[in-house]
Amino acid sequence: MDVSVVIPVKNGMPYIEQCLEALLEQDFTGNWEICVYDDASTDCTVTCVEGFIPRLRSRGVDLRLSHGLESGGVGFAKNRAVEMSCGRFICFCDADDISEPSRIQEQFAVADSQESPLVFVGSNFRRFPENSTERYSKWANDLSNEQLTLQVYTSHGPTLIAPTWFISRELFTKLGGFKDDVRTGFAEDLEFFYRALDLGHVSFCKANKILVKYRYHPGCSSFGVSEDTIWNMRIDRFRRCVLPRWPKFTIWNAGKQGKRFFKSLSEEDKRRVECFCDVDEKKIKRGWFEDYDEAARVVRWKLPIVHVKIPCEKSVTNAGAADIDRILSAPSCDDRGVGRMARFIGWHYRRAGFGTRHHHRHYGVSTTPSPEDSFRIKITEIILRAARPPLVICVKLDMTGGDLERLVAESEWTEGRDYIHFS
95 MDVSVVIPVK NGMPYIEQCL EALLEQDFTG NWEICVYDDA STDCTVTCVE GFIPRLRSRG
155 VDLRLSHGLE SGGVGFAKNR AVEMSCGRFI CFCDADDISE PSRIQEQFAV ADSQESPLVF
215 VGSNFRRFPE NSTERYSKWA NDLSNEQLTL QVYTSHGPTL IAPTWFISRE LFTKLGGFKD
275 DVRTGFAEDL EFFYRALDLG HVSFCKANKI LVKYRYHPGC SSFGVSEDTI WNMRIDRFRR
335 CVLPRWPKFT IWNAGKQGKR FFKSLSEEDK RRVECFCDVD EKKIKRGWFE DYDEAARVVR
395 WKLPIVHVKI PCEKSVTNAG AADIDRILSA PSCDDRGVGR MARFIGWHYR RAGFGTRHHH
455 RHYGVSTTPS PEDSFRIKIT EIILRAARPP LVICVKLDMT GGDLERLVAE SEWTEGRDYI
515 HFS
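Residue numbers for the sequence shown, in the working numbering: 95 to 517.
It is possible that part of the hints are untrue.
Each computed SDA-like pair below joins lysine to any residue, with the alpha-carbon atoms no more than 25 Å apart [unchecked claim]: (1) Lys-364 / Lys-376; (2) Lys-379 / Gly-496; (3) Lys-350 / His-295; (4) Lys-232 / Lys-364.
Label pairs and their computed distance ranges (CB to CB) [unchecked claim]: (5) Lys-353 / Met-107: 41 to 51 Å; (6) Lys-303 / Ser-249: 24 to 34 Å; (7) Arg-151 / Lys-232: 34 to 44 Å.
Worth flagging that the hints you see were computed from the coordinates, not collected in a lab.
Because the structure is a prediction, the values reported are computed rather than measured.
In this text, a Cβ means the ideal position worked out from N, Cα and C, and glycines have one as well.
Work the whole structure out from these sequences, hints included.
Printed below as a string of C-alpha cells:
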C-alpha cells in the first residue's frame with residue numbers, strides 16, 4: 095500500500111461529507127486507502143462515513159472505519175486512525191478540510207523522491223472563508239524548505255501546517271505517534287513536530303502548491319489550546335535547543351513581547367542576556383530595562399536598551415575629529431541610517447556623562463582627554479552599545495510595514511545562527 099489517508103473525527107457533520115467527496119476526486123494512480131476513526135461522535139458522522147464505503151470501493155479505494163465509545167482527544171484519535179492503516183506514507187486529513195484533486199499525487203511525488211526514509215512533507219493551502227488568518231496563511235505559504243526548520247518558535251505553530259501533513263510511516267513509528275494522554279487543551283501537533291525536529295536526519299519539505307482548503311470556524315480543535323500553553327512549549331524548546339549554543343544573546347524588542355520573553359527565562363538563563371535592542375527612539379532614550387520584583391520590592395535585573403542598527407565599526411573607530419563631525423552631521427536616507435543614529439546615540443550618551451572625568455576613568459583614561467579623543471570614546475561607545483548577534487527577535491513578522499524584514503536583510507546575519515524569530 096502506497097498511501098493511507100487518516101481522518102480523525104468527532105461530530106464531523108456537516109463538513110465530513112465535503113471532505114470525503116473531495117477524496118473521491120483524487121487523481122492518484124497508486125494504491126491507497128482511507129482510515130477513519132470516530133472519537134465518540136454524538137451526531138450522524140458514522141452513518142455519513144458508512145455511506146461513502148461503496149462509492150469508494152467502486153474506485154478501488156478501501157475505507158476502514160472504527161468507532162470509539164468514549165472520547166480520547168485529538169492525539170488519541172489520530173493514533174487510532176494510524177493503527178488501522180498500512181500505507182508506506184500517511185496522509186493526514188482533517189474532517190473539516192478539503193483536499194485538492196492532485197493532493198495525494200503531488201505529495202507522494204515529493205515524499206518518494208527524498209533520500210531519507212524519515213520524511214515530513216506539507217503543502218501550501220488556502221484558508222476559507224477567504225482572507226481569514228491572512229497573515230498566518232502568507233507566512234506559512236511563503237516559507238522556504240530551509241525556513242521550515244528555522245522559524246519554529248513563532249506563535250503560528252508548526253511551519254508545516256498540520257492539515258497538510260504527509261509523512262513516512264517509518265518516521266511516525268520512530269516518534270511513537272502523538273502524545274495522547276492529555277485529552278483537551280494540548281497542542282499535540284506542535285509537540286509531535288518538535289519531536290520530529292529533535293530526531294535528526296528527517297527530510298522536511300513541502301509541495302509548493304495549494305493542495306488543501308483549510309477551513310476556519312469556531313469549532314476548530316486549535317481553539318481549545320490556550321496561547322499560554324503554546325508559549326510555554328516554545329520557551330521550553332528554545333531553552334533546550336538554542337541557549338546551550340548561545341552563552342550571551344540580545345533580545346530584540348524592549349516592549350511587551352520582549353519583556354515577556356525575558357520573564358519566561360530561568361534566573362540562570364537571564365544571565366545570558368546582554369541587553370535589549372529596539373528601533374523605537376522613546377525606548378532607547380529610556381536607556382534601561384528593569385525587571386521589578388513586586389513581592390520583594392526590588393529591581394532584580396537592569397539591562398541596557400540599545401539600537402538595532404550597527405554603525406560601521408572601522409570607519410567610525412578610526413575617524414578623527416573632523417571625520418566624526420562629518421558623520422554626525424550626515425543626513426540619513428531613511429531616518430534610520432548610520433548618520434541619524436550616530437547623532438541620536440551620541441546625544442544620548444553625552445547626556446549620560448560623556449566628557450566627565452568619572453566616565454573617562456571608567457575607560458582607563460586618567461586625565462580629561464582632548465576633544466578629538468573624547469569624540470573617539472563617544473563613537474566607540476556607540477559601537478559597543480549597538481545590537482550584535484546572536485539575537486532572539488521578539489517582533490511579529492509582517493507587522494512593521496516591512497521595516498523588520500528590511501533591517502534583518504541589511505544586517506547580513508544568518509537565520510538560525512545569528513538570530514531566531516520568537517514572536
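Status of each hint after checking the structure:
| no. | hint | verdict |
| --- | --- | --- |
| 1 | Lys-364 / Lys-376 | holds (24 Å) |
| 2 | Lys-379 / Gly-496 | holds (24 Å) |
| 3 | Lys-350 / His-295 | violated (37 Å) |
| 4 | Lys-232 / Lys-364 | violated (33 Å) |
| 5 | Lys-353 / Met-107: 41 to 51 Å | holds (45 Å) |
| 6 | Lys-303 / Ser-249: 24 to 34 Å | holds (26 Å) |
| 7 | Arg-151 / Lys-232: 34 to 44 Å | holds (40 Å) |
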